[in-house]
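Letter by letter, the sequence shown follows residues 1 to 221 in this note's numbering.
None of these hints come from the bench; they were simulated from the model. Keep in mind that this is a model prediction, so the values were computed, not measured. Check before you lean on any hint, since a few could be wrong.
Claimed, not checked - Each pair of labels, with its calculated beta carbon distance range:
{"hint": "1", "residue 1": "31", "residue 2": "150", "range": "48 to 54 Å"}
{"hint": "2", "residue 1": "38", "residue 2": "120", "range": "15 to 21 Å"}
{"hint": "3", "residue 1": "30", "residue 2": "138", "range": "28 to 34 Å"}
{"hint": "4", "residue 1": "120", "residue 2": "68", "range": "20 to 26 Å"}
{"hint": "5", "residue 1": "81", "residue 2": "30", "range": "17 to 23 Å"}
{"hint": "6", "residue 1": "72", "residue 2": "144", "range": "39 to 45 Å"}
{"hint": "7", "residue 1": "193", "residue 2": "156", "range": "38 to 44 Å"}
{"hint": "8", "residue 1": "116", "residue 2": "207", "range": "21 to 27 Å"}
{"hint": "9", "residue 1": "34", "residue 2": "157", "range": "29 to 35 Å"}
{"hint": "10", "residue 1": "157", "residue 2": "38", "range": "34 to 40 Å"}
{"hint": "11", "residue 1": "82", "residue 2": "145", "range": "26 to 32 Å"}
{"hint": "12", "residue 1": "40", "residue 2": "98", "range": "55 to 61 Å"}
{"hint": "13", "residue 1": "168", "residue 2": "78", "range": "30 to 36 Å"}
Positions of the beta carbon are idealized from the N, C-alpha and C atoms, including for glycine.
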Amino acid sequence: MIFNTQGNYGRPNCIATLTGDGVVITGQKSAWVSKREIAGVCLLYCAADSGSGRTLAADAQSSFPWMPKGVSRGRPLDKFGQRALNQGEIYFDNVKLSKNHVLAGPDQYQDAVYAVHTFANALMGTVFTGCARAAFELAHGYAHERKQGGLPIIRHQSVAYRLFHMFRKVEAARALTHRVVHYNFSSPHPSLHAAMTAKITATQTSSRWRATRCRFSAATG
Numbered sequence: 001m002i003f004n005t006q007g008n009y010g011r012p013n014c015i016a017t018l019t020g021d022g023v024v025i026t027g028q029k030s031a032w033v034s035k036r037e038i039a040g041v042c043l044l045y046c047a048a049d050s051g052s053g054r055t056l057a058a059d060a061q062s063s064f065p066w067m068p069k070g071v072s073r074g075r076p077l078d079k080f081g082q083r084a085l086n087q088g089e090i091y092f093d094n095v096k097l098s099k100n101h102v103l104a105g106p107d108q109y110q111d112a113v114y115a116v117h118t119f120a121n122a123l124m125g126t127v128f129t130g131c132a133r134a135a136f137e138l139a140h141g142y143a144h145e146r147k148q149g150g151l152p153i154i155r156h157q158s159v160a161y162r163l164f165h166m167f168r169k170v171e172a173a174r175a176l177t178h179r180v181v182h183y184n185f186s187s188p189h190p191s192l193h194a195a196m197t198a199k200i201t202a203t204q205t206s207s208r209w210r211a212t213r214c215r216f217s218a219a220t221g
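Could you put the whole structure together from the sequences, leaning on the hints where they help?
What follows is the structure in structure tokens.
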């Protein structure tokens with residue numbers, strides 16, 4: 001992200017000031033920092049300041065051992081899902097690091113972020129395709145076990161209808177995710193757009209069918 005030095009857009013929440021042979025980090029990262037409770041190394045993306053305290057030239061990426069002086073953590077999120085992936089806020093109070101902790105400065109930042117997000121989004125597509133498939137399999141098994149009116153509820157048209165649409169959408173998410181992962185891990189120019197398509201399709205499918213399974217079980221239980 002390049003900041004317009006003429007505009008008045010306010011400052012980002014977290015800034016790394018590049019001065020001489022050091023870096024000073026101040027601010028807060030959002031609540032979606034993954035593995036912050038158990039991480040041994042922190043990978044930080046933030047805005048880079050040339051040192052004037054005013055002009056934000058571009059972004060920077062740095063890595064450093066967890067946790068240097070001046071770093072603190074907020075409360076972990078009480079999440080609906082993926083609770084094993086602990087997440088929460090991180091605060092930086094004038095954290096001083098040497099310049100050798102900078103992995104990608106303003107000139108390399110865009111390429112670094114593109115590469116990381118391309119593979120991360122594609123792999124999240126596989127995770128949530130699996131969640132969606134698990135929801136379908138649980139609902140499918142329940143529909144064959146639960147009886148109502150003397151018949152397994154799979155024999156009721158409305159139940160079969162919902163299971164059919166669960167199956168086709170899960171399989172569509174799986175096909176898309178498989179294609180994107182195969183392309184991005186084999187192509188010299190992986191596609192971030194495709195990776196985001198796979199992630200969004202899989203996560204929306206997973207969220208919808210997990211909720212549908214819960215309503216389905218409650219309505220027939």
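We went through each hint and held it up to the structure:
1. 31 with 150: 48 to 54 Å: holds (51 Å)
2. 38 with 120: 15 to 21 Å: About 19 Å separates the Cβ atoms of residue 38 and residue 120, which means 15 to 21 Å holds.
3. 30 with 138: 28 to 34 Å: holds (33 Å)
4. 120 with 68: 20 to 26 Å: At roughly 25 Å between Cβ atoms, residue 68 and residue 120 fall inside 20 to 26 Å, so the hint holds.
5. 81 with 30: 17 to 23 Å: holds (18 Å)
6. 72 with 144: 39 to 45 Å: violated (52 Å)
7. 193 with 156: 38 to 44 Å: holds (41 Å)
8. 116 with 207: 21 to 27 Å: With Cβ atoms ~24 Å apart, the hint holds.
9. 34 with 157: 29 to 35 Å: violated (43 Å)
10. 157 with 38: 34 to 40 Å: violated (49 Å)
11. 82 with 145: 26 to 32 Å: With a Cβ separation near 28 Å, residue 82 and residue 145 satisfy 26 to 32 Å, so the hint holds.
12. 40 with 98: 55 to 61 Å: For residue 40 and residue 98 the Cβ distance comes to about 19 Å; the hint is violated.
13. 168 with 78: 30 to 36 Å: holds (34 Å)
Consistency with the previously given hints fails for numbers 6, 9, 10, 12, ordered from lowest to highest.
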